[in-house]
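*Asks:* Protein chains in written order, with my numbering: chain A, 1 to 637; chain B, 1 to 183.
Quick caveat, the hints were computed from the structure, so don't treat them as lab data.
These numbers were taken from a predicted model, which means no experiment stands behind them.
Misleading hints may appear alongside valid ones.
What the hints assert, rightly or not - Derived BS3-like pairs: lysine-lysine, alpha-carbon spacing no greater than 25 Å straight-line:
no., chain 1, residue 1, chain 2, residue 2
1, A, 268, B, 27
2, A, 268, A, 411
3, B, 181, B, 121
4, B, 92, A, 268
5, A, 98, A, 55
6, B, 82, A, 268
7, A, 320, B, 171
8, B, 58, A, 268
9, A, 480, A, 500
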Amino acid sequence: MEINQAFDKICKDAYAHIKRLSLIKGPRISIGMATCGIASGAIDTKKAFEEELEKQRIEAQIQTVGCIGHCYAEPVVIIDHPDSGFPPIFYHQVTPGKAKMIVQSFLIDGDPLFEYLLGATKENELIPQIYDFPRFSQEKRIILQKCGIIDPEDINAYIDGGGYSGLAKALQLAPDEIISEIISSGIRGRGGAGFLTGKKWSFARDAEGQDKIVILNADEGDPGAYMDRTILESNPHQVLEGMIICAYAIGAKRAIVYVRSEYPLAVKMISGAINQAEELGLLGNSILGSSFDLEISVFKGSGAFVCGEETALIQSLEGKRGMPQHRPPYPVQHGLGNSPTVINNVKTIASVPAILNNGGNWYRSIGTENSPGTAVFSIVGNVIHPGLVEIPMGVDLKTLIFDICGGIPDKKKFKAVQIGGPSGGCLSSDFLDTLIDFDSLAGAGAMIGSGGMVVLDENNCMVNIARYFLEFTQNESCGKCTFCRIGTYQLLRILDRITKGQGREDDLEQLETLSETIIEGSLCGLGKTAPNPVLTSLRYFRDEYDAHILEKRCPACVCRSLTAFYIDLDKCARGCDACVGSCPVDAIFTTKNRKKGVDQTLCVKCGECQVACPPEYNAVIRVSPPEKAPIIEKPVD
Amino acid sequence: MSKKAHLDESSSLFVQEEAMLDDIRCKLNDYSVERSDLIPILQMIQEKYAYIAPITIKMVSDHLNIGACEVYGVATFYNQFKFNPPGKHPVKICMGTACHVKGGDIILENFERKLEIKEGKTTPDREFSIERVACVGCCALAPVAVIGETIHGNMAPSKVEGLILGFQIEKEIQARLKEKKEC
């Protein structure tokens, strides 16, 4: 009962606080200010709003929110202006100039500028609702539900939306009841391996040892995935709530947030959230009047991809080089300082409050039989609407890429999708019907992994992509296992020479045997999955490898040693100099009849001239192999 | 540069280094002598001074009572720690997946060519340094370069030239203003 009373009081204060804010007169402007928003210029946009409001003497509240996950639309601004008669409006790509125009015409003249808005955030008769758009309607948001909607620095906003009620409920249950709820939800770890979370918790609960520890793994190192950062920046309290519940369930008194130091804003947000929760008695000693104590600290990871692996993460917490250790013993038995330690990914932990609130069976009803719940992907590359997408498991790849994310820009052809970052694989268009869940993707040779997804079109070279990921894992290999350390280096050398046109006929065979050896001879997930990009691209795009090796040709015209630029003299306009200035190495010369040619000995193949050439001429052409480029004689001075 | 000016500059560098060492020595007292504080200590130095000088490694090893080679081993293991002082305008090239797909390596190469240094190095006049970084988080603007704190999206080789030229012009204007004042 005490817990309910304590929580009711906190809720009442929070509601009152939010109510006070809503009573303030005038429009309310919410600007997305997570890292991605800032990178796209949200700070300038905010400044423009402030200046213009001041200049026009309008009273309005400016609120900073996190990221809504729609990268293509950044900087995002939502304006709630009840007096105008319009619903809250979602504006996209708001530059400082647009911000000033919006203030003038919407806040003063009452015209919401239809050309700049994306939609309304509430149902109405004037403006289409954004939640009806495919990019929104087919999502199912549990983890990202409040991201980009609430102020991440205000705990009241989170509580007002039902936050911390899962914790209040959990504290009135016995720890075993919580664990059985998590087990019945069937949730699997979102960090990549997909281990059953409930099982992990029950192992830790049953493990011997007093000083149990919970670690939040936010060491997101995949070069193309950033959902953990977004969650921490946009709704840190949801993560904290999940951590507290987890600690209570396993009987831990100490918890650590392990977050990359490259994410300064995430560090700031989660640290601020910890302080706020402590002030309200949601953290610290006797939480909500119960007998449960918990202390949460923040540890900044120093940027080593391998530290996402549990045992390596523990090593780095102990001040050592982050090298994975043999398992067993598993961290749930002997983890940090030999104490039983549960290490969970941000997305797993962020799902916990919803499971407690709605029950394990509710969670199980979402997604597929063996992979319940939702998955968050960061979709980048050649796709019209990149960003973060949260979908129920079991949606197929085609729906995700073409319906939700809008497909490939510039009417180009889809070639492949790379799923799971450096550990994942490339799937060709034959696999577009594959369902997204742990087992189906693994069956096709890819994996959910970190949730990074790169969409590739006809102008991407698969060998080059495989080489890119391998270069990454090669750099990040900790060096403990010989096969990973030297094997990935050899793989990279072979791929390197293939992309340079020096591939040998037995290279593909070597790639395969080496890959298998690395998988077998490596201790941790990094080595075991490092050859995946190579193996899958070899399996589905062998013809591209063959073209590189046998014909010394890059079919997508990407590998620079295998391509050349030339200027088609029939198309080139006499006297036009557009390409000359664009060339960073002065490789373009003027021919006798005042057209242009490329000096192949100087050209670095950056492609600037192709961009600079006016579209009405389109005279710069890229070919592979380079011998295809006609030789144009350079006049002697 | 005259000989005197050169001497002045090197002695001022010496003074700066002394101040840095004093400051770090003072700050070390805030940390325990447990090994688990090694990474936080290195992060403190990196965040404040942007690099870890060889002599500071020795200081940290004395503080924690572990070998300097251990400290060096840990510091070199993690990407965050740098051992060269960065330039006045550190150039960071995003090498995330989206930037790679859109030609990030071409941008890196252009900076290397224009500044005549390789990535990870600093120009002799300490104006610029080049570094490759993992995703900076604005994939929609790829390829991306970050100079100082400013993010430059949709980079192109010709933009590289323009950016560096901008800094050089700025520097010349400053120098001229300074000359005028001295006159």
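*Asks:* Confirm or reject each hint.
*Replies:* Status of the hints after comparison with the structure:
1. For the hint pairing residue 268 of chain A with residue 27 of chain B, the CA-to-CA distance comes to about 21 Å; that is within 25 Å, so the pair holds.
2. Using a Cα cut-off of 25 Å, the hinted pair residue 268 of chain A and residue 411 of chain A is violated, with the two alpha carbons roughly 42 Å apart.
3. Under the criterion of a C-alpha separation no larger than 25 Å, the hint pairing residue 181 of chain B with residue 121 of chain B is inconsistent with the structure, at around 34 Å.
4. Taken as a hint, the residue 92 of chain B and residue 268 of chain A pair is honoured in the structure, with Cα atoms around 22 Å apart against an allowance of 25 Å.
5. For the proposed pair residue 98 of chain A and residue 55 of chain A, the alpha carbon gap of about 16 Å is at most 25 Å, so the pair holds.
6. At most 25 Å may separate the alpha-carbon atoms for a hinted pair to count; residue 82 of chain B and residue 268 of chain A meet this at roughly 23 Å.
7. Straight-line distance between C-alpha atoms of residue 320 of chain A and residue 171 of chain B comes to about 43 Å, which puts the hinted pair past the 25 Å bound.
8. The straight-line distance between the Cα atoms of residue 58 of chain B and residue 268 of chain A is roughly 31 Å, outside the 25 Å bound, and the hint therefore fails.
9. The suggested pairing of residue 480 of chain A with residue 500 of chain A is violated, with an alpha-carbon distance near 30 Å, which exceeds 25 Å.
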